[in-house]
Amino acid sequence: QQPVQSPQAVILREGEDAVINCSSSKALYSVHWYRQKHGEAPVFLMILLKGGEQKGHEKISASFNEKKQQSSLYLTASQLSYSGTYFCGTGLQGAQKLVFGQGTRLTINP
Amino acid sequence: DTGVSQDPRHKITKRGQNVTFRCDPISEHNRLYWYRQTLGQGPEFLTYFQNEAQLEKSRLLSDRFSAERPKGSFSTLEIQRTEQGDSAMYLCASSLNRGGSYNEQFFGPGTRLTVL
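Protein chains in written order, with our numbering: chain U, 1 to 110; chain V, 1001 to 1116.
Because the hints were derived from the structure by calculation, they are not lab data. You may find that some hints are simply not true.
[What the hints assert, rightly or not] Distance condition first, Cα-Cα at most 20 Å in a straight line; then the derived SDA-like pairs of lysine to any residue:
| id | chain 1 | residue 1 | chain 2 | residue 2 |
| --- | --- | --- | --- | --- |
| 1 | U | K50 | V | R1098 |
| 2 | U | K55 | V | H1029 |
| 3 | U | K37 | V | R1009 |
| 4 | V | K1057 | U | V99 |
The shape of chain V in the complex, shown without the other chains (with noise of 0.2 Å):
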């Protein structure tokens, strides 16, 4: 399978803990994204990566999350004293950058977050 791939796929955790996302994406492309989806919302946006550098973050981001993409290559969401409210679907997408300013993004089947 070439698409993106998302490890684990379901975590359970306790308000408090700090839990580590992981993100492999599709091989040849050098952007990779990281999204929230909560149940009946689209995704939304969290932070991208162009190779390892973090391009963008978004101002909702809290200073308890964290990702880095080391190599260009996978990435690594984390998330310090989790709260109830971060309870969603942790969804990585990667795209290929042509040089355009646009491109198709794939998406990962997410990581299923539930905070107790």
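The shape of chain U in the complex, shown without the other chains (with noise of 0.2 Å):
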């Protein structure tokens, strides 16, 4: 049930593009991005849901594939503050929980 995020890990120099995918085998109604860093809360970034609609801070794109249960996030010219590790959070049709996936280690280097 719980959702797969790739890459588990990823490096990158500052001002460079990446990609995290989560996918999962159930059918799901939204998808909730979160940015974490070391010892702090997981912050809000992004909601997508069924249908197409969105909500989420200004400089985050992400896409939900509804035919493959799968979402993208989308981090274009890497900051440096964009390190930290990025959860996906599933939920189902009705469901008030969220099943996380098990992260994406991003590190931007100057």
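From these two lone chains plus the hints, build me the complex, please.
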């Protein structure tokens, strides 16, 4: 039931782009993306819903492929502050709990 | 600060002792969630409340765990007879139910529990 994230880790130079994927074997209603820095709480980035509705930060973009039950988070022109572990949390129709993936660790070097 | 707050931030206890954590959600949020996170893993759902009603509890949650939200505001999570396997970060999140089946969950800083 846990979604699978890929890659598990990625290292970039500042200014480079990255894509983080989240796949589920379940028919999803929502996908939520969070970023967590070491020792801190997860910070909400974006929510994507079945049907195409999205809500999140202006500088973050993501997609949700309902046929494949896959979401992708796009990080462009990365900044040092983007470093952290990115989690996707998936929700089913009518369910409130989120099931999180194992995370993708992103390291941005100067 | 109007975010989610949790207390204490750190707790060290001996195996067999009881511990209680507190979560204060964002003031207008009517839903409150508890998650547990171990090193290198994503948060794992434990339970959630809508106002004072506990609407879902994970099947993974043993009977040693109990949570309350008596007045629909703050919540407590109690672990009885702690075990070393209970060592983890306990995260609280809150959200505002707008009537739809989704909502953004905002997390608190967590309580890190270490059971010796």
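Hints, verified against the model:
1. Taking the CA atoms of K50 of chain U and R1098 of chain V, the gap is about 17 Å. The hint holds against a cut of 20 Å.
2. Proximity of K55 of chain U to H1029 of chain V is assessed by CA-CA distance (about 18 Å); at most 20 Å being required, the pair is judged to hold.
3. Annotation: proposed proximity of K37 of chain U to R1009 of chain V holds, straight-line Cα distance about 16 Å (limit 20 Å).
4. For the proposed pair K1057 of chain V and V99 of chain U, the alpha carbon gap of about 13 Å is at most 20 Å, so the pair holds.
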